[in-house]
Amino acid sequence: MKPLLPLLLIAVSVMTSSAALAQTAPVPAFTLSCSGLTAKNPLQKQFCEIRTLTLAAPAAGTPLTLDARPGGSITVRGWSGTDVRVQALVEGRAATAEAAKALAASVQISSESNKLLAARPNGATEGWSVSYEVFVPTQTGLSLQAQNGGIHIENVQGIISFLTMNGGVTLAGVGGEVKGSTTNGGLTIRLTGDTWSGGALDVNTVNGSIKCELPATYSATLTARTVHGRVQAQLAAGNRKSLQPHNLTTTLGQGGPQLRMGTVNGSVEVQQEGSAKPTKVSSSEPKKEG
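Residues -22 to -1, 1 to 268 (mature numbering (1 follows the signal peptide of the UniProt record, and there is no 0)) make up the sequence shown, in order.
A portion of the hints provided could be inaccurate.
Claimed, not checked - Simulated DEER-style distance windows between Cβ atoms:
hint	residue 1	residue 2	range
1	G252	P99	26 to 34 Å
2	N144	R238	17 to 25 Å
3	L10	R168	19 to 27 Å
4	P99	T74	47 to 55 Å
5	E251	P99	33 to 41 Å
6	D180	G252	21 to 29 Å
What the hints assert, rightly or not - Computed cross-link-like contacts, SDA-like style, restricted to lysine to any residue with a CA-CA straight-line distance of at most 20 Å:
hint	residue 1	residue 2
7	K23	T74
8	K93	S139
9	K189	N225
10	K23	K93
11	K189	N243
Everything labelled a hint here was simulated from the structure, so no lab data went into it.
No residue lacks a Cβ here, since even glycine has one placed at the ideal position from N, Cα and C.
Using the sequences and the hints given, assemble the complete structure.
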């Protein structure tokens, strides 16, 4: 008979290791919820459900494509996991609760070829919507499109493109080659680190304001413009800038990657941590500092 003590020690060791792995495995903190949703039309009933998917991360050089048209929003966050985790909030709207539930159930979500796309078998686009919250490895390319919904990208670096018509856009801690626009919605940009990592930033809106926040120490070349609005800059001392009524060009720190942002109908505010009172120009005379 083999001694029991070594076997018990091995069993305890295996259980301890398994528990430790379970505790350290990353878990995405999803925020999508059906609670609190209100029907857009008071004469309609609404049904909501959450669907969960897990996908393999796209190969290097291949973007993850998300299409939330016609009425959904998109949130993408970088995380420490190696795969792609998805929650899809599916809404159905109809004259009765039973019809709304059946409509939502008929929505099919395809995840083939690194592309998330929702549709109904008959091709109808009315009465339903799908919004996505997605966790991806931090180094992931993205191609995002919405129509009547916002886009939020956080802590992701790569070749990133986005487009929406009616919705605001938030970029927080992103990097790489980032380009995109919205037609009716504001842009919020929160820069992190000490410089832009990757290629460049080029974002625009037509009807909406822009707010850009950056750390106290940051290096880049930033250009902001508006056609019908004003530009306000709150930058740390020592940064060289040329501020005109509708344009701002500034070399932050040691300079570096190009960060471009623009709007047609809206204001632009650039705010740096630890900076002095905002500088605002309303005359036609440019102001140069630094």
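Out of the numbered hints, which ones does the structure contradict?
1, 4, 5 and 10
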